[in-house]
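As you go down the protein sequences, you meet chains D and R in turn.
Take 1 as the starting number for the first sequence in UniProt numbering and just add one per residue.
Take 1 as the starting number for the second sequence in UniProt numbering and just add one per residue.
Rather than coming from a laboratory, the hints here were simulated on the basis of the structure.
None of the values given here were measured: they were computed from a predicted structure.
There could be a bad hint or two in this list.
The list treats identical chains as interchangeable, and a pair is accepted whether it falls inside one copy or across any two copies.
Stated by the list, open to error - With a cut-off of at most 20 Å between alpha-carbon atoms, the simulated PhoX-like pairs for lysine-lysine come out as follows:
#, residue 1, residue 2
1, LYS184, LYS21
2, LYS42, LYS188
3, LYS495, LYS108
4, LYS62, LYS92
There are 2 protein chains.
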Amino acid sequence: MSTSPAMTHPLFTKHEDTLQKALTAIETRGYWSPFPEMPSPKVYGETANADGEAAFKAHLNKTFELDQPSTGETVGAEQSPFGFPLGIRYPKSEPDALIAAAAQAQRKWREAGPKAWIGVSLEILTRINRLSFEIGYSVMHTTGQAFMMAFQAGGPHAQDRALEAIAYAWDQLRRIPADAHWEKPQGKNPPLAMQKHFNIVPRGTALVLGCCTFPTWNGYPGLFADLATGNTVIVKPHPGAILPLAITVRIARDVLREAGFDPNVVTLLATNPNDGELVQNLARRPEIKLIDFTGSTQNGTWLERNAHQAQVFTEKAGVNQIVIDSADDLKSVARNIAFSLALYSGQMCTAPQNIYVPRDGIRTAEGTVSFDAVAEAIAGAVQKLCSDAARAVELLGAIQNESVIQRLDEARKLGRVLADSQSLEHPAFADARVRTPLVLQLDAAKDEAQFTREWFGPISFVIATDSTDQSLDLAGRIAAEHGALTLAVYSTDDKVIEAAEEASIRGGVALSINLTGGVFVNQSAAFSDFHGTGANPAANAALADAAFVANRFRVVQSRVHVEPKAVPA
Amino acid sequence: MSTSPAMTHPLFTKHEDTLQKALTAIETRGYWSPFPEMPSPKVYGETANADGEAAFKAHLNKTFELDQPSTGETVGAEQSPFGFPLGIRYPKSEPDALIAAAAQAQRKWREAGPKAWIGVSLEILTRINRLSFEIGYSVMHTTGQAFMMAFQAGGPHAQDRALEAIAYAWDQLRRIPADAHWEKPQGKNPPLAMQKHFNIVPRGTALVLGCCTFPTWNGYPGLFADLATGNTVIVKPHPGAILPLAITVRIARDVLREAGFDPNVVTLLATNPNDGELVQNLARRPEIKLIDFTGSTQNGTWLERNAHQAQVFTEKAGVNQIVIDSADDLKSVARNIAFSLALYSGQMCTAPQNIYVPRDGIRTAEGTVSFDAVAEAIAGAVQKLCSDAARAVELLGAIQNESVIQRLDEARKLGRVLADSQSLEHPAFADARVRTPLVLQLDAAKDEAQFTREWFGPISFVIATDSTDQSLDLAGRIAAEHGALTLAVYSTDDKVIEAAEEASIRGGVALSINLTGGVFVNQSAAFSDFHGTGANPAANAALADAAFVANRFRVVQSRVHVEPKAVPA
Chain D
1 MSTSPAMTHP LFTKHEDTLQ KALTAIETRG YWSPFPEMPS PKVYGETANA DGEAAFKAHL
61 NKTFELDQPS TGETVGAEQS PFGFPLGIRY PKSEPDALIA AAAQAQRKWR EAGPKAWIGV
121 SLEILTRINR LSFEIGYSVM HTTGQAFMMA FQAGGPHAQD RALEAIAYAW DQLRRIPADA
181 HWEKPQGKNP PLAMQKHFNI VPRGTALVLG CCTFPTWNGY PGLFADLATG NTVIVKPHPG
241 AILPLAITVR IARDVLREAG FDPNVVTLLA TNPNDGELVQ NLARRPEIKL IDFTGSTQNG
301 TWLERNAHQA QVFTEKAGVN QIVIDSADDL KSVARNIAFS LALYSGQMCT APQNIYVPRD
361 GIRTAEGTVS FDAVAEAIAG AVQKLCSDAA RAVELLGAIQ NESVIQRLDE ARKLGRVLAD
421 SQSLEHPAFA DARVRTPLVL QLDAAKDEAQ FTREWFGPIS FVIATDSTDQ SLDLAGRIAA
481 EHGALTLAVY STDDKVIEAA EEASIRGGVA LSINLTGGVF VNQSAAFSDF HGTGANPAAN
541 AALADAAFVA NRFRVVQSRV HVEPKAVPA
Chain R
1 MSTSPAMTHP LFTKHEDTLQ KALTAIETRG YWSPFPEMPS PKVYGETANA DGEAAFKAHL
61 NKTFELDQPS TGETVGAEQS PFGFPLGIRY PKSEPDALIA AAAQAQRKWR EAGPKAWIGV
121 SLEILTRINR LSFEIGYSVM HTTGQAFMMA FQAGGPHAQD RALEAIAYAW DQLRRIPADA
181 HWEKPQGKNP PLAMQKHFNI VPRGTALVLG CCTFPTWNGY PGLFADLATG NTVIVKPHPG
241 AILPLAITVR IARDVLREAG FDPNVVTLLA TNPNDGELVQ NLARRPEIKL IDFTGSTQNG
301 TWLERNAHQA QVFTEKAGVN QIVIDSADDL KSVARNIAFS LALYSGQMCT APQNIYVPRD
361 GIRTAEGTVS FDAVAEAIAG AVQKLCSDAA RAVELLGAIQ NESVIQRLDE ARKLGRVLAD
421 SQSLEHPAFA DARVRTPLVL QLDAAKDEAQ FTREWFGPIS FVIATDSTDQ SLDLAGRIAA
481 EHGALTLAVY STDDKVIEAA EEASIRGGVA LSINLTGGVF VNQSAAFSDF HGTGANPAAN
541 AALADAAFVA NRFRVVQSRV HVEPKAVPA
């Protein structure tokens, strides 16, 4: 009945080596990953790609089988951003029924204890890794990511973030002793002695609210942090990106069932579009004790302010920024930035939006370069990167939904167009919604109302400032007030780098310095880079750290007198 | 400029040995304390008691000196529950001025880094320990605790809880590496290599809202968790118990000044009674990032629901319960319970209120004892404990404020009086507000509306239930719905003990089993007992655990390319 980290479990033993390596990784924060990011036949098997694509296609225009409480009806209206309806129907479930099923499943799951929670979580993850191609294609055709990114970010990188969350959970769970002998000296009298037992008690039922751009990468940390700490989980995907999480839930249920648990420890709440009211009602249910959300500031803030009964972890909108002060080689700066703007059409929570350049120009190895020349270098690099449609689409992917297209049209009116957004034809998908990045010129003196908002999608601004000082002041202030997940600085001056680090601390935002090579500001590596800080409005938590997991479980102790061990003095 | 756990500080080195022992203690959770709880001349010095009392008396009817931003006016209206006004005036400070001073002090404090925060916190604590007698008398004459308890709970035990919070803070801080070398293989190309730096960034300015019954015991954990993680702190004592925290703040400021920091890292916001509006306005200020509160459910819930900009840690009201199922020796059960009811006149957040006894009586070694006999045994033990006024006052202390007296009068009408509350004359303080406990008989079948509320003060109910099953059901449900910090069970039946542990898990409340000796359910030992669980409405946090500290700081990283160390394959 009592649970403790001491009780063991075969799945824990099976994966203990990986767990130990993950624990070392989060401590040293160097490079590490157990899940190969290259979709290589050598790693994943000669037929893995073809099998994965076939498995994805087999889902289309069918009902997704999931033996969980359901009304018997189906829901689902996913559209591939590459231009076709998925036609997949999912079992419709009532929140009431899923909450009741979770409560039913909770007790045995809780009683199994931390090593079972960790072992089962790691086994689920291992099975997910084997289906990385199927999940990759599913991510591609729900989010609009090009395949390579869908495979990497939706597969191994998401699995890394999940493992990271599990490792943090275990790192906290293992600190709670199962039992303690407490013996307090009483001078010449016999000591007072008590045996204490510490029950690790999960919060209860958790709700994971997925997003439509990174359903697995953003959904897994909360899901696995919840599971690893003994909670039951209802996974509510974004109506536009159900499939990757439906596959995930099915794997989780299979593993739970095989391990002798009620599979309703994890359930799927698939919905049709415009499910806001359903989510708001569910999120305030007293049974829901944990909520992980990725999405709009409006919805995230609503949850933070209304779901008082739950621990709420949110990632919301932000304004990511780049400060250009000086550079040895402007071309490599522009190339690196252009890649960051084009990658998945800027539909990343880490993609840069505001690029500050002093109106008097910047110093380079070849002398001062004017503001206009810097702006043109960036715009030119973007246009060059997207000049070959067949290659560009593998970087750009497709636009996830129509509201991004509308935002592009709205943004075009904001300032002088440096690089206009173009439609590109996708060689493989004639109806794919592909757009190149829009780059505009704005001025810090008059356009602040515009560039302090997030313009989600392939929209960026080269903003003329009075000086690097003003650029850094804006960067720190906008991050602190409006949120940001990334900040980058380009400078050859150590004092400016130092001032940028100060601005990043003021803004509570991670800083990338002089990226001109193979690392891009949008990229965040599990086990090494904290994704988000929890220190500005873009996110109230970081992926992952102790704070992300430590409040997902509680300790309920008992104590009873026992015979003292010491002999009275 | 950058901060990391690697930077050292002389005060860290000075106290490192104590810190290491505290880290071991929170890991093993056996008995440990570095601060002797006996007010012994051998430990604290031959003249420590007399000096401490004299120091306390020297505060009376004077202005408390504190060189912090002030309007030049003074505030303060503390009354000793032992029957005299303290007459102490404190500098009046405007919240605006304290917030501005904290912001000014923040940068250098932040830049000093974790070892400075920990070292300074430990030095403050050591100095506080030396003034345990002065603080003990100050706690006595603000809270109404008898001297021994005021010394122990207000002195060494509070210092233990502070050290515990500091140890938890360091345990989390030390996990963040200062720097990491990240090197990602790129097949036959040179690896990508980055140097990453992790800045530990405190949240900002914290607010500690003290209570009038345990100003130091409940105030120190938040205060020291804040300081140990680099935050600046405004300490806002309850208007009825300012002095113990004023002395604390003065010590903190002295240590900060001597260590070369701006003393405004810690300031005092003393107020007159009825300061609710001031607190509400302050608690919602954007600069306030952390709030620790102990007090009423109404105020605590208000903070949780309105101070959205802050991390809010609350301890609120609860209904503590005892389930009596069976006992070897009813007398020792009754004696133990009576002590718990009388201790500080039940004005402890951990004091029992509801005592469930089956209406058909309980099994004992001497056969079945009827409900009435159990009720009378408890009431009789209370009366016996309080029969000698001179001895009783050293246990009861005095009633903190008039609203407790009014509540006693209101409670008396609720049911049959088993033991009436009496006024006692205090031999040393003629005007002391001393009352013995009121014990009433209620019935589970009809009085639930009454006994699901907290009746703070020396008020308890022996409640007739249909069975131990019903008792345990009530205990778990009331704890879960109305909150509780303690639960006790008396039974000779292992199955009942097991069911009680299940009820404690359902209620998220710590369980004490068969306490008949020198440990009482109200007592919670730092480093061993988690005080509160954070799993029911009585508190959203536990003292102390990782969750209590991990979100008081954040990590803001920077990364820059460096030369790879590995030779390409």
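Now the hints, each set against the structure:
1. LYS184 <-> LYS21: between (39 Å within a copy, 16 Å between copies)
2. LYS42 <-> LYS188: Answer is between; shortest inter-copy Cα gap is 16 Å, intra-copy 72 Å.
3. LYS495 <-> LYS108: Answer is between: at 19 Å across copies they meet the 20 Å cutoff, but 58 Å inside does not.
4. LYS62 <-> LYS92: within (14 Å within a copy, 72 Å between copies)
In summary, the structure agrees with every hint in the numbered list given earlier.
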